[in-house]
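Student: Residues per chain, in single letters:
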Amino acid sequence: MAVADYKKYLAENVLNERRTVTFRSLSRALRVHSTLAKQMLYDFHHNENSKKPQSVNATYIVTGVQNAPAPATNGHTNGDEKKDDVFPSSPYVSSSMPNQDSVPDTAPMASVLLVREEDLADAKSTFESISSIYIYSLQQTVLQDLNVLTDVSREMVNNHAQEDPLQYGEQWGIIQNKNVKRRTGARPVPAPIPTTSKPTIPSKRPSETTPSQTKPEPKKEENAASEQASTRESTPSTTSKPTEKTAPVKREKSNLFSSFAKAKPKQKKEEPITPAESAKPSGAEDVFGGDDDDDADEEPEELFPDSGKPASSAAATRESRKEREERLKKMMEDDDEDEDEEMPDATEPLEESKPIDQPPPKKLELKEEITIQGGRRRGRRQVMKKQVRKDDEGYLVTVEEPSWESFSEDEPAPPPKKKPALSAPKGKPAGKAGQGNIMSFFSKK
Amino acid sequence: MASGSTENRFLRPPSDEEYAPVYRAPSSYNPLHTFQLPSGQERHYQQQYGDMYFLRLAKLKPAVEEIAVEAWEGFSIAGEHARRVERVLDVRQGELCWVAGTIYMDLPLKPNILDDLTKENFTLAPPPRPTYLDPDHPELTQIMLEDESGRLRLAGNMLRSIELATGAIVAVLGTENANGDFEVVDVKVPDLPRQPRRWERDEKQPSQKGGKIAFVSGLGITGSSSDTLSLELLTDYLLGFTGSQSSANDESVPSDASIITRLVIAGNSLGASMTTDSNESSSASKKKSGPKKYGYDASAYNASPITQFDNFLAEILPSIPITLMAGASDPANFSLPQQGIHRAMFPRSRAYCSGPAAAGETPEPGWFDSVTNPWEGDVEGWRLWGSSGQNVDDVLRYLDFANSSGAVDGNVDAEARVRVMEAMLRWRCGVPTAPDTIWSYPFQTHDPFVMEACPHIFFAGNQPQFKTAVIEGDAPLKLNGTDTEMTGTGDNASGPQVRLLCIPSFKETGELVLVDTETLEVEVIKFGTYAGPQEKQ
Numbered sequence: 001m002a003v004a005d006y007k008k009y010l011a012e013n014v015l016n017e018r019r020t021v022t023f024r025s026l027s028r029a030l031r032v033h034s035t036l037a038k039q040m041l042y043d044f045h046h047n048e049n050s051k052k053p054q055s056v057n058a059t060y061i062v063t064g065v066q067n068a069p070a071p072a073t074n075g076h077t078n079g080d081e082k083k084d085d086v087f088p089s090s091p092y093v094s095s096s097m098p099n100q101d102s103v104p105d106t107a108p109m110a111s112v113l114l115v116r117e118e119d120l121a122d123a124k125s126t127f128e129s130i131s132s133i134y135i136y137s138l139q140q141t142v143l144q145d146l147n148v149l150t151d152v153s154r155e156m157v158n159n160h161a162q163e164d165p166l167q168y169g170e171q172w173g174i175i176q177n178k179n180v181k182r183r184t185g186a187r188p189v190p191a192p193i194p195t196t197s198k199p200t201i202p203s204k205r206p207s208e209t210t211p212s213q214t215k216p217e218p219k220k221e222e223n224a225a226s227e228q229a230s231t232r233e234s235t236p237s238t239t240s241k242p243t244e245k246t247a248p249v250k251r252e253k254s255n256l257f258s259s260f261a262k263a264k265p266k267q268k269k270e271e272p273i274t275p276a277e278s279a280k281p282s283g284a285e286d287v288f289g290g291d292d293d294d295d296a297d298e299e300p301e302e303l304f305p306d307s308g309k310p311a312s313s314a315a316a317t318r319e320s321r322k323e324r325e326e327r328l329k330k331m332m333e334d335d336d337e338d339e340d341e342e343m344p345d346a347t348e349p350l351e352e353s354k355p356i357d358q359p360p361p362k363k364l365e366l367k368e369e370i371t372i373q374g375g376r377r378r379g380r381r382q383v384m385k386k387q388v389r390k391d392d393e394g395y396l397v398t399v400e401e402p403s404w405e406s407f408s409e410d411e412p413a414p415p416p417k418k419k420p421a422l423s424a425p426k427g428k429p430a431g432k433a434g435q436g437n438i439m440s441f442f443s444k445k
Numbered sequence: 446m447a448s449g450s451t452e453n454r455f456l457r458p459p460s461d462e463e464y465a466p467v468y469r470a471p472s473s474y475n476p477l478h479t480f481q482l483p484s485g486q487e488r489h490y491q492q493q494y495g496d497m498y499f500l501r502l503a504k505l506k507p508a509v510e511e512i513a514v515e516a517w518e519g520f521s522i523a524g525e526h527a528r529r530v531e532r533v534l535d536v537r538q539g540e541l542c543w544v545a546g547t548i549y550m551d552l553p554l555k556p557n558i559l560d561d562l563t564k565e566n567f568t569l570a571p572p573p574r575p576t577y578l579d580p581d582h583p584e585l586t587q588i589m590l591e592d593e594s595g596r597l598r599l600a601g602n603m604l605r606s607i608e609l610a611t612g613a614i615v616a617v618l619g620t621e622n623a624n625g626d627f628e629v630v631d632v633k634v635p636d637l638p639r640q641p642r643r644w645e646r647d648e649k650q651p652s653q654k655g656g657k658i659a660f661v662s663g664l665g666i667t668g669s670s671s672d673t674l675s676l677e678l679l680t681d682y683l684l685g686f687t688g689s690q691s692s693a694n695d696e697s698v699p700s701d702a703s704i705i706t707r708l709v710i711a712g713n714s715l716g717a718s719m720t721t722d723s724n725e726s727s728s729a730s731k732k733k734s735g736p737k738k739y740g741y742d743a744s745a746y747n748a749s750p751i752t753q754f755d756n757f758l759a760e761i762l763p764s765i766p767i768t769l770m771a772g773a774s775d776p777a778n779f780s781l782p783q784q785g786i787h788r789a790m791f792p793r794s795r796a797y798c799s800g801p802a803a804a805g806e807t808p809e810p811g812w813f814d815s816v817t818n819p820w821e822g823d824v825e826g827w828r829l830w831g832s833s834g835q836n837v838d839d840v841l842r843y844l845d846f847a848n849s850s851g852a853v854d855g856n857v858d859a860e861a862r863v864r865v866m867e868a869m870l871r872w873r874c875g876v877p878t879a880p881d882t883i884w885s886y887p888f889q890t891h892d893p894f895v896m897e898a899c900p901h902i903f904f905a906g907n908q909p910q911f912k913t914a915v916i917e918g919d920a921p922l923k924l925n926g927t928d929t930e931m932t933g934t935g936d937n938a939s940g941p942q943v944r945l946l947c948i949p950s951f952k953e954t955g956e957l958v959l960v961d962t963e964t965l966e967v968e969v970i971k972f973g974t975y976a977g978p979q980e981k982q
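Chains as they are written, first to last, in the working numbering: chain A, 1 to 445; chain B, 446 to 982.
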C-alpha cells in the first residue's frame, strides 16, 4: 500500500504547493480506497494542526437527517430545509411548515452537506441524526468559495481519464456493478468514422500535474500496482518525455482524416501548435482553473492515445496511405474503448485559424475531405480566397490564400464560379469544381 | 447524534483494513418504445394535427362512455331521463342528455397562430407565459366540447369545481339552455386505465430486498464551475463514497447508495444558457466574420456544458445504469415526443449505449439509455410513465389555482401540480394539451399520449418543488366535487395505485428522489453546502 507515502504527498501538495486535495483526488493519485483516503486526510489534518494550529484547513461532508426547522409532529419533514440560504427561524421555512404537516405524503429527507471546518459545529447542531462525517478536502487556507472544489475534481477526472473505471473502480471504492454493459466490439460500420482504440497499455499517458502520479501502469498489474506504486513514485523523470508523446497523438488523429483525403499540408500546418501543446502540460503544475476548460475540450481526443505510433510527424506522413488505412481498420476492430467518434469538424477550428497566422507554404492544391456518414456527405474543402490587405507601403495587395470551409450534402456542390476559376484554374481537383459558396461571392473583396 | 461508529470510520488514522468491494443490486429494465418516432425519411411533418384529436377521441370515447353509462343510466331529474346523444350537434335544447367529446378551451392569452399571422410578427417559439388565463377578464375563458361534428359551449358552476384542459376527453351531463350553452350537471372522465401487474412484461427477478430507483431532473449544467458542486456531491453519493457501508441498519437515512439500481434523469440536464448563448454569439459573430460558415462553428457553440455532462455520466456509468430523458433545454428536438439525445453528444459515455439499431428490430436497451420524453417503461417490474415536465407546466397554464389563497405560493403550486398529474392520469392522456399549446409531432395513425396502461409511478421532472402523492383508481374521482356515486371501475379489491412524483429541479433544490422498489415509498436526499455565518452576511 502506498500508505506510507500519503504524508509526503499531502505535505507536498497541501503545504508546499498550496493546492486543494480532495479525498477522491488522493484516492486516485495514490490508488487507494476512498475510505482509506478519507482517513489519510483526517490523519494528516490532525497531525499538522497539532503541530501547528491552523496550518491545514478542511471541509467536511456531513450526512444525515437535519432537524425540522420548527417543532413538527413528524420527525422527517419533507422540508425545504434551506439551511444554506436561510436560518431555521426564517419566515419562509416556518410559513411553509404548517402546510407540509397537513399533507400526509411527506417523505423522509436526508441531507448531504459540504461544510467548512469553522462551521462544522454549527452545521452539526442542525442535524437531528448524523450518519457519517468525513473530510472532503484539505487546503491551506479557508475556502472562500467552495466552488473551487469542482475545479479540483474536474482536474482529477481529466488527469485520470485514461484509467478505465471498470478496472480501477474497485480500488477506488466505487460501488461495483456486475452487470455493467459496455460496448467492446466494433460497431457496425456504416461510416468510416475514425475511432481511436484503447491502447493495450492504458495509462501510458501519465498525468501531467504531479510527478508522483506519473507511473506508467501496465494493465495486468492492477493488483501488483499498489505494492509497486511507492517505488514508482520516485521516478518523476518520466514526466517530460511522455507528455511530449501526447502531442503527436493529435497529429495522428488528423492523419486518420488525411488518410481519407490525402491532405498532407494539413499536418504541416498543425506543427506550430504542437510544441505549445507539449509545453503546456509540463508548465501546468501551477495553473489549474485556467486551462481546465481546454483540457476538458481536448480530453476526448486524447483519451487513450495510441502510443504505439512513431512520435515524429514527419515519419507519420511518410507512411504510406495503405498502412494507415490498415491500422485504422485494426483500430476499429479492436475498438475496445470505443471512446471517440471524431467528427471531421472537431479539428476544424484549429485549421481555420491557420492561414491567417501563416502564409501558405506553397501553391497548395485544393483539397477536399469528405466523410460519408449514414448516407450524409459532409466534410470540408480547401478553397482559394482572395484577401485584400495593405502592405508596408500602403498599397492594397490582393493575395490568394487557401482556406478551409465545411460543407454538407445539404448544400449543393457549388457551381464553378468564374472568378476563382480564372484566378486559380490549376487548383481544382477534377470533378470538384466547387470552391467557395455563394457567400464568398458577396464577401468583401 | 446517532451512530458514532460510522463517524469514526472516516475520522481516524488509516489502518490496514481491507475494504471488500460493494456490489450494486442488479437492475431489471425493459423500456417501451411508445414515443419513438420513425427515423429519417419516414418522419414527416406535413400532416394535419386534426387527426390526433380524432384518434384520441376514437380511443377514449368508448372508455368514458362506459363509465358514463354506468353512472347515468336511469339518471333522471324531475322525471326526465337522461338520454345518450351520439354527437354534440344532436343535442336538443331543453332536453336532459349526456354526450362525450373533447374539451377545447379558448383562453384570452393562449398563443394563437392566426393572431400571429395577422400581426405578421410570428416568432419561432412563442414566449412562455405563466398562464393563459386573464384574471381580469374571467368571462373570456370559454370551455367547449367538440367532436368530429361540431362544438358545444359548456356553462355552469360545475365547471369551476373541476379541472379541465384542452384535449381531455370527457362525458358531460346536462341540458342546452336558451343561449345555446350546455348547462353542465356532471362530468365523467375515462379514469385510470388497466394497471399491469408488477413484472407483467418481465420474468420476475429473484426477490431482492428493497432496492431504490433514483430520479433526478434539471441538472442544468451550464459549464461554469458554480453549478457543479452539488453535482460532485451527487456523484460521490451515487458512487458510494458517502458512507455506503453503513447499511447495517436498514432504517438509515439516507439509504445506502448500493441499493440504488438505476438513475432516471428526467430532462433539462443542460442549462438553458447553452441555447440562448449560442444564438446571441452567433448573430454577433456573423456580423464580424465575413463569410458565413456552415456547420460547426466553435465561436458560436459552447461545448463545455455537454462535455461536463458527459464527464458526469461517464463517471457514474461504471457503477449505475442510467435512463436519460431529453428535456426542454436539452439538445434534442423541441416538439414532443422529444427523441433521445443522440449518443454522439457523449463521446465518453456512449460506450455504454446500446449499438445502433439494426433495421426493423429494437436493440437491447443500453446500460446508458437515452430515451424519449415522455417515456414509458418497466423498471424493476413497475411501469413508469414520466415526462420532463412540459405537460404539467402547460396544463397548469389552463387552470387557475391562485384564487383559493389569493397568491400562488410554493405549496399551493406544488399541490396544484400533483392534482394536474392526477387529472392527466384520469384523463388517460399524458400530454392533453399537445398539439394545441405544446408542440407535437403530427401523429397520423395513433396517439401515443393516450395511456394504454396505468403506470405504477407517474413522474414529471423539473418541477419547482418536490411533491409526492398516491392516488387510487377505486376512489371516486375527487376532482369532481359533486361526484357521489360509485364509478365501479375497480377490477379487483385493491384497485390501481399510482405513485405521483414531482421531481424538483436539481439545480434549484439539489434534491435527488429515491423510490423504494418494494413499497414505492419515497425518500429525498438533498445535496448542498452549509453556508457559514460569514457567508450569509
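None of these hints come from the bench; they were simulated from the model. Glycine included, every Cβ here is placed at the ideal spot set by N, Cα and C. Worth double-checking, as some hints may not be accurate.
As the list claims (entries may be wrong) - Taking CB as the label site, the calculated pair distances span:
{"#": "1", "chain 1": "A", "residue 1": "392", "chain 2": "B", "residue 2": "486", "range": "30 to 36 Å"}
{"#": "2", "chain 1": "B", "residue 1": "457", "chain 2": "A", "residue 2": "121", "range": "17 to 23 Å"}
{"#": "3", "chain 1": "B", "residue 1": "465", "chain 2": "A", "residue 2": "15", "range": "55 to 61 Å"}
As the list claims (entries may be wrong) - With a straight-line cut-off of 20 Å between C-alpha atoms, the simulated EDC-like cross-links for lysine to aspartate or glutamate are:
{"#": "4", "chain 1": "A", "residue 1": "51", "chain 2": "A", "residue 2": "118"}
{"#": "5", "chain 1": "A", "residue 1": "51", "chain 2": "A", "residue 2": "117"}
{"#": "6", "chain 1": "A", "residue 1": "178", "chain 2": "B", "residue 2": "809"}
{"#": "7", "chain 1": "A", "residue 1": "181", "chain 2": "B", "residue 2": "593"}
{"#": "8", "chain 1": "A", "residue 1": "181", "chain 2": "A", "residue 2": "163"}
{"#": "9", "chain 1": "B", "residue 1": "504", "chain 2": "B", "residue 2": "593"}
Student: Do residue 465 (chain B) and residue 15 (chain A) keep their Cβ atoms within the hinted range of 55 to 61 Å?
Tutor: violated (34 Å)
Student: CA of residue 51 (chain A) to CA of residue 118 (chain A), is that 20 Å or under?
Tutor: Holds: residue 51 (chain A) and residue 118 (chain A) sit about 19 Å apart, inside 20 Å.
Student: Mind checking the alpha carbons of residue 181 (chain A) and residue 163 (chain A) for me, to see if they're no more than 20 Å apart?
Tutor: holds (17 Å)
Student: Do the alpha carbons of residue 504 (chain B) and residue 593 (chain B) lie within 20 Å of each other, as the hint requires?
Tutor: With a Cα-Cα distance of about 13 Å, the restraint between residue 504 (chain B) and residue 593 (chain B) holds, given a limit of 20 Å.
Student: Check the hint pairing residue 51 (chain A) with residue 117 (chain A) against an upper bound of 20 Å on the C-alpha distance.
Tutor: holds (18 Å)
Student: Assess, step by step, whether the Cα of residue 181 (chain A) is no farther than 20 Å from the Cα of residue 593 (chain B), and give holds or violated.
Tutor: Roughly 50 Å between the alpha carbons, so the hint for residue 181 (chain A) and residue 593 (chain B) is violated.
Student: If I claimed the Cβ atoms of residue 392 (chain A) and residue 486 (chain B) lie 30 to 36 Å apart, would that claim hold in this structure?
Tutor: violated (58 Å)
Student: Is it true that the CA of residue 178 (chain A) sits at most 20 Å from the CA of residue 809 (chain B)?
Tutor: holds (18 Å)
Student: Please test the hint of 17 to 23 Å on the beta carbon pair from residue 457 (chain B) and residue 121 (chain A).
Tutor: Holds, since residue 457 (chain B) and residue 121 (chain A) (Cβ atoms, about 19 Å apart) stay within the stated range.
Hint compliance for this structure: hints 1, 3, 7 are not met, and every other hint is.
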